[in-house]
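These protein sequences, in sequence, are chains V and F.
If you read the first sequence in this note's numbering, its first letter stands for residue 13, the second for the next number, and so on.
If you read the second sequence in this note's numbering, its first letter stands for residue 13, the second for the next number, and so on.
Some clues are possibly wrong.
The list makes no distinction among identical chains, and a pair is therefore deemed to hold if it is satisfied within one copy or across any two copies.
Okay, derived cross-link-like pairs now, BS3-like style, lysine-lysine, Cα gap no bigger than 30 Å in a straight line [as the list claims (entries may be wrong)]:
| no. | residue 1 | residue 2 |
| --- | --- | --- |
| 1 | 287 | 149 |
| 2 | 94 | 321 |
| 3 | 85 | 149 |
| 4 | 287 | 85 |
| 5 | 85 | 302 |
| 6 | 302 | 41 |
| 7 | 32 | 235 |
| 8 | 360 | 85 |
| 9 | 41 | 339 |
| 10 | 287 | 94 |
| 11 | 235 | 308 |
| 12 | 326 | 94 |
| 13 | 149 | 15 |
| 14 | 62 | 327 |
| 15 | 327 | 32 |
| 16 | 339 | 62 |
| 17 | 321 | 62 |
| 18 | 302 | 235 |
Source of the hints: derived by calculation from the structure; they are not laboratory data.
Owing to the predicted nature of the structure, the values given are computational and were not obtained by experimental measurement.
There are 2 protein chains.
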Amino acid sequence: MQKSFEITSSSGNYQVTIGKGLLAASLNKHASAVILIDDFLTGVLPADEKKIIYVTAVEGSKSLEEAAPIVIKLRELGAHRKTHLLAIGGGIIQDVSTFLASIYMRGIPWSYLPTTLLGMVDSCVGGKSSINVHGYKNLIGNFYPPSEVIIDLDFLRTLNAEQMIGGLFEAAKICYARSPSEFAAYLADAPSINMSPDQAERIILRSLRSKQWFIEIDEFDQKERLLLNFGHTFGHALEAATEFRISHGIAVGIGMIVAEEYAKQQTLLTPTGIKCIRQMTSHVETLLHKLPEVAKELRSLDIDLLSEKFDNDKKHLAEQYRIVVPKNDGILELVQVPRTAQGRANIKEAYRVALERVINIFH
Amino acid sequence: MQKSFEITSSSGNYQVTIGKGLLAASLNKHASAVILIDDFLTGVLPADEKKIIYVTAVEGSKSLEEAAPIVIKLRELGAHRKTHLLAIGGGIIQDVSTFLASIYMRGIPWSYLPTTLLGMVDSCVGGKSSINVHGYKNLIGNFYPPSEVIIDLDFLRTLNAEQMIGGLFEAAKICYARSPSEFAAYLADAPSINMSPDQAERIILRSLRSKQWFIEIDEFDQKERLLLNFGHTFGHALEAATEFRISHGIAVGIGMIVAEEYAKQQTLLTPTGIKCIRQMTSHVETLLHKLPEVAKELRSLDIDLLSEKFDNDKKHLAEQYRIVVPKNDGILELVQVPRTAQGRANIKEAYRVALERVINIFH
Numbered sequence: 013m014q015k016s017f018e019i020t021s022s023s024g025n026y027q028v029t030i031g032k033g034l035l036a037a038s039l040n041k042h043a044s045a046v047i048l049i050d051d052f053l054t055g056v057l058p059a060d061e062k063k064i065i066y067v068t069a070v071e072g073s074k075s076l077e078e079a080a081p082i083v084i085k086l087r088e089l090g091a092h093r094k095t096h097l098l099a100i101g102g103g104i105i106q107d108v109s110t111f112l113a114s115i116y117m118r119g120i121p122w123s124y125l126p127t128t129l130l131g132m133v134d135s136c137v138g139g140k141s142s143i144n145v146h147g148y149k150n151l152i153g154n155f156y157p158p159s160e161v162i163i164d165l166d167f168l169r170t171l172n173a174e175q176m177i178g179g180l181f182e183a184a185k186i187c188y189a190r191s192p193s194e195f196a197a198y199l200a201d202a203p204s205i206n207m208s209p210d211q212a213e214r215i216i217l218r219s220l221r222s223k224q225w226f227i228e229i230d231e232f233d234q235k236e237r238l239l240l241n242f243g244h245t246f247g248h249a250l251e252a253a254t255e256f257r258i259s260h261g262i263a264v265g266i267g268m269i270v271a272e273e274y275a276k277q278q279t280l281l282t283p284t285g286i287k288c289i290r291q292m293t294s295h296v297e298t299l300l301h302k303l304p305e306v307a308k309e310l311r312s313l314d315i316d317l318l319s320e321k322f323d324n325d326k327k328h329l330a331e332q333y334r335i336v337v338p339k340n341d342g343i344l345e346l347v348q349v350p351r352t353a354q355g356r357a358n359i360k361e362a363y364r365v366a367l368e369r370v371i372n373i374f375h
Numbered sequence: 013m014q015k016s017f018e019i020t021s022s023s024g025n026y027q028v029t030i031g032k033g034l035l036a037a038s039l040n041k042h043a044s045a046v047i048l049i050d051d052f053l054t055g056v057l058p059a060d061e062k063k064i065i066y067v068t069a070v071e072g073s074k075s076l077e078e079a080a081p082i083v084i085k086l087r088e089l090g091a092h093r094k095t096h097l098l099a100i101g102g103g104i105i106q107d108v109s110t111f112l113a114s115i116y117m118r119g120i121p122w123s124y125l126p127t128t129l130l131g132m133v134d135s136c137v138g139g140k141s142s143i144n145v146h147g148y149k150n151l152i153g154n155f156y157p158p159s160e161v162i163i164d165l166d167f168l169r170t171l172n173a174e175q176m177i178g179g180l181f182e183a184a185k186i187c188y189a190r191s192p193s194e195f196a197a198y199l200a201d202a203p204s205i206n207m208s209p210d211q212a213e214r215i216i217l218r219s220l221r222s223k224q225w226f227i228e229i230d231e232f233d234q235k236e237r238l239l240l241n242f243g244h245t246f247g248h249a250l251e252a253a254t255e256f257r258i259s260h261g262i263a264v265g266i267g268m269i270v271a272e273e274y275a276k277q278q279t280l281l282t283p284t285g286i287k288c289i290r291q292m293t294s295h296v297e298t299l300l301h302k303l304p305e306v307a308k309e310l311r312s313l314d315i316d317l318l319s320e321k322f323d324n325d326k327k328h329l330a331e332q333y334r335i336v337v338p339k340n341d342g343i344l345e346l347v348q349v350p351r352t353a354q355g356r357a358n359i360k361e362a363y364r365v366a367l368e369r370v371i372n373i374f375h
């Protein structure tokens with residue numbers, strides 16, 4: 013069973029296809045493509061593939077400094093303006109590929125095959141890249157969607173518990189941001205780390221169709237799409253402060269708990285709103301329980317460093333922090349917090365309470 | 013007297029304004045902008061400007077390797093998503109600014125003030141960037157037009173003969189590519205290195221309005237716009253083989269003579285066509301006569317190296333060279349030449365005859 017739908021973008025529409033066994037078909041279709049692949053996945057390619065660029069899926073690979081050697085490899089493999097790039101991997105591979113495909117000879121066509129659940133439920137659509145520069149996370153990037161997204165469910169077998177949970181956190185966040193009924197439907201699909209491929213397909217499709225609404229209404233991240241940063245601004249600081257030992261998806265899950273605590277502290281929520289966001293954070297806590305190593309990281313975390321990393325986030329404005337929090341009946345809003353000593357202290361307190369909550373899951 | 017018109021682009025329209033004394037007005041309008049400026053032009057800025065990034069206008073500055081330090085400077089100057097970038101300089105400053113404005117925090121708004129004639133008559137519209145990687149010229153780039161182009165004619169006073177002539181070659185090329193009547197009108201404006209500001213304004217306006225036709229009909233460089241590469245593919249090899257001692261505009265002028273020689277060699281032209289292209293190359297020769305140092309460069313040039321540099325141009329396809337040459341009655345066409353020993357020899361012979369012609373101007 014194969015499902016497919018189309019995403020509209022200013023630089024051309026692209027097809028998203030979900031199913032099993034799609035990698036082989038893709039390699040066939042793009043026989044003369046250059047393949048850019050996570051070096052962890054070497055085994056999935058037939059032995060006769062020749063034009064391959066291996067990238068290690070670590071944070072340092074998605075940096076401006078590492079872009080030049082890959083550009084040179086493309087050139088050495090004879091890539092020209094009509095060469096197709098086939099990118100196979102998770103978020104880091106996607107960031108690198110989006111950026112490189114957009115700039116190589118002013119843009120070459122490319123296909124993306126996400127291999128992580130996080131890539132499948134979220135980042136594979138939207139066309140954004142995020143690239144680090146000298147340790148500043150995601151300081152640069154751009155918009156350059158692939159000409160097709162191919163989600164091969166067979167890759168789910170290669171993932172560990174942390175990767176599955178990170179992906180579910182992003183899917184949960186997107187459905188929550190879309191509407192209460194989408195989030196209820198997401199929970200009804202019984203998301204877990206032991207999902208069947210059919211279950212996974214339903215959850216991926218639900219998440220992507222929800223995200224589609226945001227990216228078609230706000231392709232360049234000016235308004236509605238900013239709500240998808242729910243959990244992210246709080247989460248990025250967690251990633252940075254632990255030198256990425258807490259991975260992106262997990263950080264987003266914890267970030268949503270921080271957002272809940274901030275909303276409660278500032279009494280932004282009605283009783284309905286408290287119940288609504290609690291459904292989300294209960295789900296996050298249930299899944300986090302499978303990852304005791306997270307509690308260990310959080311116990312040794314310096315909260316001043318966390319606060320400093322939060323302060324450095326590029327999403328803030330000169331005079332205001334910008335965070336996404338649930339308000340009123342639980343609906344997400346982009347909120348501006350003054351960058352004053354008091355504002356900083358409130359944020360820090362929300363972190364403190366949230367981290368304590370997460371650590372306590374494991375007691 | 014100030015003239016202005018609008019260019020249509022998929023990422024938003026932008027205004028082009030030509031006149032005198034426009035720099036001061038721009039600095040006023042964008043009081044909190046970060047200024048990226050050719051370090052040769054330091055003197056044009058008021059002493060109280062604080063947020064300035066100086067870039068040396070040499071080929072090495074428009075490289076992927078040099079992008080990271082400028083990104084970091086933007087960050088250190090506090091640039092955020094809404095920060096305006098004011099770019100002041102010639103083609104290299106424009107390439108660097110287009111690239112950086114497009115990737116910094118996924119794109120910030122920017123204005124461009126071209127300071128060379130070449131920038132004013134040609135590159136300031138179109139939104140393209142060309143960036144070098146490890147010595148591969150223009151291997152990467154993208155499309156990201158500024159939100160406004162401001163042509164301050166006062167900058168013409170800062171230019172030397174070579175810079176004026178290079179600009180005129182590009183203007184001549186654009187008008188020629190547009191139509192025989194545009195080129196006749198260009199010649200009727202009596203272009204020379206001693207033009208008055210009014211004359212310069214007329215020539216700049218004519219050239220930009222001609223270029224506008226190409227970029228609005230073919231923004232992403234797929235078809236019509238490729239004709240603007242007239243003189244360029246032959247010219248790039250000249251720049252590369254002389255390690256850029258022959259500058260871009262001058263190389264384009266000589267490149268048009270090479271194209272004429274190739275067309276004659278292959279008998280692609282009617283008698284009318286020969287007369288038509290001869291008008292262009294006579295104009296080029298007349299202006300080149302002011303630059304005896306060019307002949308000196310050409311005399312010591314290794315034609316095998318030139319041929320090799322031509323062979324390496326990224327615009328070629330795997331099996332064909334792609335060049336723009338005048339055909340029939342002198343109209344430009346994108347022509348494919350087989351990448352065979354014979355094809356290579358023909359190209360080399362066209363170079364040889366053309367260079368001899370240019371050297372003979374000075375006898």
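For which of the previously enumerated hints does the structure constitute a violation, in increasing order of number? Of the numbered hints, 1, 4, 5, 6, 7, 9, 10, 11, 13, 15, 16 and 18 do not hold.
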